[in-house]
Amino acid sequence: MNNKTLLCFDYGEKRIGVAVGQTITSTATALETIIVRNKKPDWDAIGKLISEWKPDKFVVGHPFTLDGARQKMTELAEKFSRQLQHRYNTPVDLVNEQLSSYEARRELKST
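The letter at position 19 of the sequence shown is residue 18 when you use numbering that gives the first Met the number 0, and the numbering goes up by one with no holes.
No wet-lab data here; the hints were simulated from the structure. Do not rely on the hints blindly, as some may be mistaken.
As the list claims (entries may be wrong) - Beta-carbon label-pair distances, calculated as ranges:
1. Asn1 with Asn37: 32 to 42 Å
2. Arg86 with Ile23: 19 to 29 Å
3. Ala27 with Lys47: 12 to 22 Å
4. Ala68 with Gly46: 26 to 36 Å
5. Phe63 with Lys13: 14 to 24 Å
Claimed, not checked - Calculated lysine-lysine pairs in the BS3-like style (CA-CA distance at most 25 Å, straight line):
6. Lys3 with Lys56
7. Lys13 with Lys38
8. Lys39 with Lys78
9. Lys78 with Lys47
10. Lys56 with Lys39
11. Lys38 with Lys78
12. Lys47 with Lys3
13. Lys13 with Lys39
14. Lys78 with Lys13
Note that beta-carbon positions come from the ideal geometry of N, C-alpha and C, so glycine has one too.
Construct the entire structure; sequences and hints are all you get.
Encoded structure:
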């Protein structure tokens with residue numbers, strides 16, 4: 000099996016959560032939170048993570064409403080993914096995160 004390193008981003012208007020994933024172990028580990036100022040990600044901080052982890056691919060959370068409709072954050076995540084692709088010439092996968100917040104809350108309540 001060929002191991003790939005993925006740098007994963009959960010884009011927000013104020014913060015971007017970043018994790019690193021390995022395909023061989025199917026695991027991901029949270030790395031840090033990057034601040035967004037004046038609607039601009041901290042590209043220097045992102046660049047440092049890319050230099051350190053040398054990802055084969057980026058993964059960006061693609062948010063939709065519970066009924067599957069597009070929302071403001073859908074557009075912002077798509078814009079961010081295009082910027083990543085353009086700046087770093089690395090493939091980007093958008094991953095539907097429609098129920099991820101719901102699942103996280105449910106998991107927290109069960110513990």
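Open item on the list: Of the numbered hints stated earlier in the document, which are not met by this structure?
Closed with: The structure breaks none of the hints.
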